[in-house]
Each structure stands twice: as structure tokens, then as C-alpha cells.
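Enquirer: Read off the chains here:
Protein chains: 4
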Amino acid sequence: MLKVGIIGASGYAGAELLRLLQTHPNAKVVAISSHSFEGKNITELYPNFNSVYSEILCDADEVVEKSELIFAALPHGLSEPLGKKCLELGKKLIDLGADFRLSEDDYKEWYGLTYSEPELHKKSVYCIPELHRGKIKNQSILGNPGCYVTSASLALAPILSAKAADLNSIIIDSKSGATGAGRGLALNTHYTECNEAFAPYKIASHRHTPEIEQNLSEIAGEKVVLTFVPHLLAVNRGIISTCYVTLKERLSEEKIRKIYEDFYKGEQFIRLLEPGKIANLKYVKYSNYCDISLHLDKRCNRLIVVSAIDNMVKGAAGQAIQNMNLMYGFDETAGLMMIPPAF
Amino acid sequence: MLKVGIIGASGYAGAELLRLLQTHPNAKVVAISSHSFEGKNITELYPNFNSVYSEILCDADEVVEKSELIFAALPHGLSEPLGKKCLELGKKLIDLGADFRLSEDDYKEWYGLTYSEPELHKKSVYCIPELHRGKIKNQSILGNPGCYVTSASLALAPILSAKAADLNSIIIDSKSGATGAGRGLALNTHYTECNEAFAPYKIASHRHTPEIEQNLSEIAGEKVVLTFVPHLLAVNRGIISTCYVTLKERLSEEKIRKIYEDFYKGEQFIRLLEPGKIANLKYVKYSNYCDISLHLDKRCNRLIVVSAIDNMVKGAAGQAIQNMNLMYGFDETAGLMMIPPAF
Amino acid sequence: MLKVGIIGASGYAGAELLRLLQTHPNAKVVAISSHSFEGKNITELYPNFNSVYSEILCDADEVVEKSELIFAALPHGLSEPLGKKCLELGKKLIDLGADFRLSEDDYKEWYGLTYSEPELHKKSVYCIPELHRGKIKNQSILGNPGCYVTSASLALAPILSAKAADLNSIIIDSKSGATGAGRGLALNTHYTECNEAFAPYKIASHRHTPEIEQNLSEIAGEKVVLTFVPHLLAVNRGIISTCYVTLKERLSEEKIRKIYEDFYKGEQFIRLLEPGKIANLKYVKYSNYCDISLHLDKRCNRLIVVSAIDNMVKGAAGQAIQNMNLMYGFDETAGLMMIPPAF
Amino acid sequence: MLKVGIIGASGYAGAELLRLLQTHPNAKVVAISSHSFEGKNITELYPNFNSVYSEILCDADEVVEKSELIFAALPHGLSEPLGKKCLELGKKLIDLGADFRLSEDDYKEWYGLTYSEPELHKKSVYCIPELHRGKIKNQSILGNPGCYVTSASLALAPILSAKAADLNSIIIDSKSGATGAGRGLALNTHYTECNEAFAPYKIASHRHTPEIEQNLSEIAGEKVVLTFVPHLLAVNRGIISTCYVTLKERLSEEKIRKIYEDFYKGEQFIRLLEPGKIANLKYVKYSNYCDISLHLDKRCNRLIVVSAIDNMVKGAAGQAIQNMNLMYGFDETAGLMMIPPAF
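Protein chains in written order, with the numbering used here: chain Z, 1 to 343; chain G, 1 to 343; chain S, 1 to 343; chain P, 1 to 343.
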């Protein structure tokens, strides 16, 4: 059993990782830490773990020491020094934060920080498994993608890969459940403010924008600049991305479908819905699936791709485990075949 | 006091009309009807009316007979014969359904019906007050606009009026609360199916599409074809439309703002939000306001307009009263100055 | 017009007062204050007030100075010194907090504080209008009741007044919407913690317990000790209290009903539901009504009374206005005849 | 692998059974039926099963024929003839409906039906595993308990078993998520009617009452008559029962706790919460746990027990699997160790 630890286990992503890892056949959580709740038992914060998993939250150093693989769910800027330390000690790191996702230029422009450890980035890999699986070699650090990024990139990668899209036309209108905002208290996620409310936020300025553009540019083979607008949805979990792209020339629905089928052939976590069906976040919650549905607006020659993921699973903890599975040569689906409940 | 009646008072739009009209200074509800619940007291269906308004639901003929002005909230196809009857009896009709909204060509294409009473349409007017106020003359029939249509048309009219928009680029991504689907039972609005769920529906095929295009084409002075994608939102009330339009040439935020300010100068129900603020359906619920916020994606030279309305008020019953006020020369805001609650 | 001011206008109760007072025919808000947000415009905190009411939040002293009547929505312990000041300046005070609700013994036991201004309490009155209307004389200070207290006291007062209840048998199982917890951030009202959750809290230890007992003891003419268990409900507004009381002897449903009808004869805000109907918070939201339904469990000779109020209106701001109306001899319903929406 | 079939797989309980059984180590679903949706693929009704489980809904006879054990989730009255058939064919039946739960007297009084196959009831057993595990012998028919019944019986069994309760004092105030009302459309579970609403229903007249009384009477050793009031909660899943019982004499919290600890010693699905903690349905959702918290109202000498279950799991499908495990000698927890998510 691989010894894994979680730094930042008191946050939602960390707690979800902890939950999912309980049933993993090849990995065992040996330590968990929290900056804010050090010394408390995880069951104090998350009573769902009662009689399932009981452990005191320790400090980050102890996690690094005890674990072979460290998952970190930290605010940006904190994972670089952690990565350095892991490397020195011969440990591996999967970072659920933003530090290992972007080029230095983008990181600087959107996060206002330069790399503190530039050398580290040469030894790290960024990976949405369905798009970058082949890039994982022997790296010790893996940057786990953002939730919106996963949702949008998986929706649009095939049509961009087919060179069929007008690259100036891309609009991603995403809606995310409130767990995406984390466990930290804020007015917009205060119950009475969020309930029976709905609005976009960080319009055309969300930090996931450059990460989506990076993924799509790579696939398209040329620079993609797009409009990304996230909305806060009064549900606990799930992201729907409604993605709009004008086609360079007319394509039939069958042709478009074929492009997607070929692109995702053999992928176990991608469910391309049948014609006429529409992706709904309801049917992917608590699972690692990404549901994708394709819709052609013939009147406007515009393709509309709807993707649905659970932001905490395929958008965070599940994908991190999928990446662990790839890094260590485990079955890619190990610990991840949760069946989504319908209700 | 103007004697008004409501045909279809058992549905949500009808019941909301009934509620709002209770405080109108110039109109009094004298009869209400329901096809499905004839003979029942409205308080049986809507206990909120207990000790406020008690009346037996009669049949449509009785409403026509007793009223000077009839509001109809009926399935499409039923308002044309009703309109004929009203005209013959010298009554006026405000139709909240689709029969008097579209050209015959569009009506045929999107609803599969031809006009049954073509002459009637020459005597009717379609009116979003902020856009068509001047068209109301002495018509006896008024087609009240669709909810999504109101939201999208008000969001985009100014920029199209200024000839600043690339007319091929318009995308309207709307999200509506579940009252928009009405009181009729259906699986997608069954509580456990709708709660903690989210998805688009009728993608690029919703019947409000031609009505939005009709309004925007008229304003733009040329044919507009656009992509409209509605989503079902698990809240009771409200529509957010996130509207995307590429600008023909670069415009500053100030310039765009000026276009909107000038266009809506003096409008009492349009609240153009200050720079940096974002429209949220939370702040317009239970009111006749339409909140609009403007956002420029400079990287893509794309304008994003967010509009928020209460689908049952500005999107249906409130706007119908506003239209009544215009038809009869009452103060346009009479009975409509409800202050939205924040929570 | 009576000049009124609101101290603590940034909280939910204060903001609701501000909203409701906009339409009052005899009172006008001349100043609003907030300790935490002094200097901000109320529209910054509550954008629903845009184009309705715009005012800078000042400090409490300014409110006292400008107003004839002051409403205070403050944490307990702060209203006593304020009351003293009001009295010295010849102003009146309606306190929505706990300082003027309880006997000193109860206040000490449940809040851990002694009266700081004992003399003040002789000049103050506590008032649920339907129960204590007659006590209002020329007092300058009025203690506005708690939300749960209003709901439970109105449910049980008639049967206790009739001496028909076993006073050892009273159990009040209440469920309140999240506005009851206020605008302050807390983990249990964080959206993702409160949504799709449900539990009681402060079981048999909530501070509203002695206030309910005080009201019911007064009515019963002897000391009542009861069990009160509140629950946090994932809705924005409303309280349902399901109240259980064993009857001293068997009574018919008709007899019980008659007791309630007689007790609430002429009350405009009490809606005693017809036999077979059940009170639902849905039908009182945004209104000052208290709906009451009566249910007899013949098998156990137990009366079950269900009461529904809007915690922010009849449970706070609305009742405060009703009390103002009584204090100043205005029509008791002035500014309070809002019709609850059904959806 | 035991061959199991599900009759009534299109309903919520059936679909949940199907989902949970996918991971069972000893049982395999070989056929599923639906009266209303025969001929449709289950993935049409429940797209969550896409790429997980694909099967056409057949008729009930085919399920009986193919299976060794049949689970039935049917309206009451239909399981008796089915049971007869199963017995004749040497199959076993676990009935999630009401037919095998009650004595004939109670069945007649509360359901208005007599037993159609009286002999069958001698060969059947009713089982909440934690209370009746020992009764399972070689019966071929098992009556699976009601959801509210499970919640209330587990909450009160220990204190009644200890003869410490005043048997005339029992009140059970339960609140259930909307899946409890099933997939069938009804106005009270229409989204806009159920959302932001709350009320009790079937006050002191719900059909689960005699089943709770039957369980508690058996434990107490004398006839228990109690008041049971269910409420409809606007969440998808979960039941909270707040149970009130007056103690015959004063008992310390430690003593009461000891009673519960002893009673549930070794039970893997009962989580008795630590002093000071309160059961919340949030922490048992999607799991087979029953969380129980104990609270003593010393002022009234009243014990308040709060129990939380997932109505679809421990309250229906999970408990049915637990019963299957017992009937067949599988590990009692097989297929049931799902970890509840916290959010």
C-alpha cells in the first residue's frame, strides 16, 4: 500500500480526498494536516467520518515525513516551497492548488506571483488524464487541474483538435455549485445570500481563464483567447459548462459526434450522451464521470457543448486520485468507480 | 375603477396577477376563471389568499361578461378566439400567452399553427413598455411578451440600437427559476429531480427565440439570428440572462455605459447597475425591476450584459399590469412599486 | 409623519424594518445606523434598495438625535443604555433585542446579565399585540418579542387561557428559516453546510424558552415549564412551530376550535385555518400573518397546534411596526397588509 | 453469487436498491421490472446508470422466474399475491412495501385491507436488524420496515427496553426529505410548492404510526400508543426524528447513555454521538448509518432523542440489503459500508 498524506485536509477538497481514499485498493492515508485546525480530530470537523476514520490533524511537516505521496490542497503560493521540500526528501507531490498549472507568464499575470522555485517546474507535469496522460513520466510533482478548467477543456478539446472551430468565437458559460467556493465563510456563500439567488461572478476575469486557454491552445496548435464567465449555483456540488463555438464550416451532427467519439474512445470517465440527451450535473454528482452532450445550432452554425462534472470529484479530489493512479501505474479507475446517485 | 378579469387564474401567472392587482389604485378584479378548477374557491388552490381575497373560479365566459379588461393566461392557440369574442363585445384583452407575439410566419414555424383570426392581429399590439411604449394607440388586444424575451431584449436593445454589435455573434445564455415551468406537474420540476440539479433544456430550439430575434431585428434595423439556450434553475423565481455580443469595433466601458444610460433615461423599472456590480436575480425578486450590468471582455472585444428580472413579475404579471397602465393612461408604475426583499 | 430611525439597520431585522417602513402612511425613516458598516450606503449592503432608498449608515447617536421613535436591532445588553438615553431625550424606543423581554431573574439565568438600568424596566412594556395589546399605555420603551416566542405563544395561548391543558405536557418543536440566524457568518449557515441538512440545535436550552414560559404562565395563571426544541431549516424565511399539549379532559374538535375562534375574534393577523388544513410557512412568507391550524390526536387526547409565521415580519420587523402602530394610535394594520406570495 | 431481481425498479426505492447492489460481493441483479415503464431501459429513467448498468425493464413474472431472491417495491396490497407465487416457486421475497409489516388488525385499521393470504404471514418475518435480528430463521418472506418507523424505533427502543419511559408521553416529531414521497408526481412535491416551504402532514394519522407502536410495544412489553407527526422537508434525502419521552423517574445523562451504549453494543450501523453533539441528516446521507443523539431536559424530566437516517438507505434499500445479508448468512455489512459525504 502506498502511504499517502493530505496537507489541507480540513478544506473541502482535502476532506473529499480523504473520503475517496478510504476505499482505494493501493493507497492508504497515513497522515492528515490542517493549518487552522491542527490538533483537532477530523471527526470534529466532519462528523460523517464518525466510526469510519478517526485521526488528529497534525502539521504539514509530519505529513511529509510519514508519506510517500503528498496531496496538497493549499492556497496558491504555498505549494512551491512544499514541492521543494518533497523533492529533497524523495517524496512525490500532487498539488490541487494553482502553483503547478500555469506558465510563469500566466502565473504572474493572473496570480501576481513569480515562480519562487523555477527549477521545480521543469520536474513537474500538469495533467488532465484524458488530455495529458502520456506526459506523465517520472515526475515527482503533478499539478492537478482546476475544476472549471477540467469541465471546459474536456468539453472543447475534441472540436479544437479537429481544427473545426473558429478560435475567436469561444465562449464558456459555467455554473458551479457552492462547494467550489470552499469551506471558508464569505457573504456570498452565507445560506440566506446564496439560496434563491443566482448571478455570475469574476466575469471575464476568473483565474481559470488562462489555464483553459493553455489547454485549448495546446490542442488547437495555436493561441486561443476566449471568454469565460462563471456563475455561482445554489447547489452543493457540480459544474455545468455550456460552451459555445462557431464552426469554421458546416458539419453534420453525425460528423461532430464522430469527432468526439474518436477523441474519447476507451475513456472510462467520459460519458458522451446519446443524441437528444442533455448533460445534467445531477447525474454525475459524487462520481468521477464527465458527461458531455453535443448540440448543433444550425441556424447559427454554432456548436454548443454541455459538460457536467462533480467539481469535488472529477474537478478536484477524484482527478487527483486518477492522476495518482497514473503516476504509480495503478489501474486508472482504482478507487474511482463510484456510481452517481440519481437523487 | 377599471373592472378587470383573469382567465386562467389558477396558473402561476394568473395567480400572480391576482395578487398584484389587489393593491392597484385604478383597477379591481371582478371575476376569475379556471378551466381545470372551475367551481373551486381560489383560496383552496392558493391559501395565501386566505382573508385577503376569496372568490369562486368561474368559467371564461363569465369573466368576459363581467370585465372591461380581460387578462388571459392560456396555452397558445386559445387566445385568438377569445380575442375575437372580446372585440365583438367591446372589451379589451391583454394576452400573457404566445398568440399575439409573433408574425404569422414565425408563429407557424415555431408553434406549428396558423393565425385562426388574421384580422385580429392588425388590431393588436405587442409591447415591452421600455421598447414599444409608443406603439400603444387604441388597440384592443395586447400581446404581453415572454419572460426570457423580456430579459434578453432589455439586455441587448441599447447596444443593438447603437449599431455597435456584430449581429452574427449574439448568444443568450439564460437561467430561469422553476415557476417559469408553471404549476403543471412534470418530472423535471418534481422536487427531487429539480433540486440539486442543473442543466440547459430546449437548446437552440426554445420558442422564445423568434420573439427575441423579432425584437432585436426591429431595433437593429436588420435581421438578427442568434443562439438562445435556457437553463432550469432550482430557485422559485427569477431569470438571469448572460448575453454575449462581439463589438464591431472597440468601445470604452464609458462609451458603452453612456449608450445604455441614454437608452434607458427616465425608465423607472430599469436599474443600470454601477460599474463593478453584477446583476443578481436575488435583488429583483417580487418586483417589477430589471437590473442590468455591463461587462467588457477587452481581451475578446466582447460585451457581456447580465440582466435580472423576476420572471413572474417583469416577465409576466407585472409587465401585463404595466401594459394595462399604458393602455388606459394610468400612471405607468401604478400598483408596481413593490420593493424587492433582499432575503 | 412620525420620524423614525433604525439602529442596527445593516442586520436582517433592521433591513426588513427599513423595507417595510417605506410604505407606511404615518412614519418616515429619517436615519439609519450600523456599527460595522458606518459610512457605507445601505444600497452597498442591500442592492435591492437601489433606486428605492439611498442613505448613508450613520452612528447610533445621530439616529437618536434625528428620530422621535427609535427601533433598535442590537445584540443583548446594548439596548438598556440606549433606552436610558432615549428616555432622557424624550424619545421612544422599540427594542427588537432581548433586553426588555424578561424578568430580571430570567434575564440573569438565561443571558447571564443583570439589569443595568432597573428603573427603565418599570417604564417599559413587552407586547405581542394579540396577547398584550391592552398593556400599552404611555410607555416609552417597548420590548418586541422573539420570533420563536411569537410563534409558540400565539399557538398555545387560547388553549391555556381556557385552562384545558395539562401544563406539564407542553412540547414545542419549532423549525426556523436561516434568516433567523442573522447576517453574521457562521459555519452552520454556510451554504454548503446548511443546504441539504437538517437538525435541531440548542435543545431544551434556547434563550427563547423563558420568554415563552413567561407568556404562557401569565395566560395560564400558573407557572408553566415546557420543552422547547428549535431546528434550523434550509429555507430563507418562516417558522413552523408544532406544539403538543395533553388535554386535561376530552374535548371535541369543535369545542377546541371555538376556544380559538373566540380568543382571536377580530384579530386581523391571525388566520385560523379551516378544519383539515395545515399551516405551512409558505403561505405567510413576506406577510404579517400568523396561520394556525388545530389537530386533535384522539388516541392520545393530545392537541397539536401548528403555527406559521414569517420570522422576519410577524416574528420581528412587522410586529415591531404593529407595536409602533399601537403605541402611536395609528391603525394597527398600517403598513402591514402585505399579501403573501404563494411561490 | 445470489441471483436477485427487483420488482418496481423504476421507483426511488427500487432504483436505490439497484445502485447499491452493484457493489455487493455476494449478490448480482439479474432482472428488473417496472409496471409503468416495461420495455424501457433503466438508463432512460435514470441516466446516472449510463455506462454502469444497462438493462431493459421487464415484467414482474420474468423477475420472479430469473431470480432466487426478489425485492419488491410495490404499492400495498400487491406483495401478498407476489409472495404466494414466490413461495410456490421456492423463491424468497424481501418486501419493501407495507404488506408484511403489520398485524392483520392494524393492517385493516390503517390500510383498510384484510390479508389476502393469511397463511403467508406465518411464514414471514418483520425485521429491523438491530431489533429483530434473532427472529430471522428460515423464513422465505421478509417485511422490510418503513422509513419513519426505522428512525423512530431505533431512537426509542433502548429507553423503552429499560422500562424507564412513561409510555403515555411519547411524541415523535419527524421530518423527511422529499424522496420519501417517491417519484410519482404530486402538487406538494412540485418544485415550486415544496421549495421554501415547510409543514407537517398526516398529523397523528400517518400509516407508519401502528408500525412504530408495534415495535415499541414489543420492546416495552406493554401496549404503547403515541403521537407521530411527520413533516415534509425540502431536502432530497434524510429523516430527522425528534423524539420526546417523559422519564418515569429522574435519571442522569450518564445512566441514559449507558442504557443506549449497552443496547447498541457491537452494532455497526448505529452511531451514538458523543455528549454535546446533535444528530444531523447531513452526516448520514448516502449511507446505512443511523446517528442517535441523547438530550436530557432536566427542567421537565424529559428525554429528547434525535435520530438521523438516510430514508432511502437505512430507511429502505440499505436496510433491505442488510436483511438479505442476514437471511443468507452474508456479512451483515456486505455492500453497505458507504461513507457518507459531508457535503
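Some hints here could point you the wrong way.
Any copy will do: because identical chains look the same in the list, a pair fits if it lies in one copy or spans two.
As the list claims (entries may be wrong) - Dumping the calculated BS3-like pairs for lysine-lysine here, alpha-carbon to alpha-carbon at most 30 Å:
| no. | residue 1 | residue 2 |
| --- | --- | --- |
| 1 | Lys-298 | Lys-163 |
| 2 | Lys-40 | Lys-202 |
| 3 | Lys-277 | Lys-137 |
| 4 | Lys-298 | Lys-265 |
| 5 | Lys-265 | Lys-108 |
| 6 | Lys-223 | Lys-108 |
| 7 | Lys-202 | Lys-265 |
| 8 | Lys-248 | Lys-223 |
| 9 | Lys-298 | Lys-122 |
| 10 | Lys-135 | Lys-258 |
| 11 | Lys-137 | Lys-265 |
| 12 | Lys-202 | Lys-223 |
| 13 | Lys-258 | Lys-3 |
| 14 | Lys-28 | Lys-66 |
| 15 | Lys-298 | Lys-223 |
| 16 | Lys-3 | Lys-248 |
| 17 | Lys-202 | Lys-66 |
Calculated directly from the structure, the hints in this document are not laboratory data.
Enquirer: Now tell me if each hint is right for this structure.
Expert: Comparing the hints with the structure gives:
1. Lys-298 - Lys-163: Both: 19 Å inside a chain and 25 Å across chains, each within 30 Å.
2. Lys-40 - Lys-202: between (35 Å within a copy, 23 Å between copies)
3. Lys-277 - Lys-137: Result: close neither inside a copy nor across copies, 38 Å intra and 46 Å inter.
4. Lys-298 - Lys-265: Within one copy only: 26 Å inside, 37 Å across.
5. Lys-265 - Lys-108: The answer is neither: 37 Å in one copy and 42 Å across copies each exceed 30 Å.
6. Lys-223 - Lys-108: Only inside one copy: Lys-223 and Lys-108 sit 18 Å apart there, 44 Å across copies, limit 30 Å.
7. Lys-202 - Lys-265: Between copies only: 28 Å across, 35 Å inside.
8. Lys-248 - Lys-223: Both: 16 Å inside a chain and 22 Å across chains, each within 30 Å.
9. Lys-298 - Lys-122: Neither: 45 Å inside a chain and 32 Å across chains, both beyond 30 Å.
10. Lys-135 - Lys-258: within (25 Å within a copy, 50 Å between copies)
11. Lys-137 - Lys-265: within (22 Å within a copy, 50 Å between copies)
12. Lys-202 - Lys-223: within (22 Å within a copy, 32 Å between copies)
13. Lys-258 - Lys-3: neither (42 Å within a copy, 38 Å between copies)
14. Lys-28 - Lys-66: Within. Shortest intra-copy distance 11 Å satisfies the 30 Å Cα cut-off; inter-copy 40 Å does not.
15. Lys-298 - Lys-223: both (26 Å within a copy, 16 Å between copies)
16. Lys-3 - Lys-248: neither (50 Å within a copy, 54 Å between copies)
17. Lys-202 - Lys-66: Cα proximity of Lys-202 and Lys-66: none, with 39 Å in one copy and 41 Å across.
The structure shown violates the earlier hints numbered 3, 5, 9, 13, 16 and 17.
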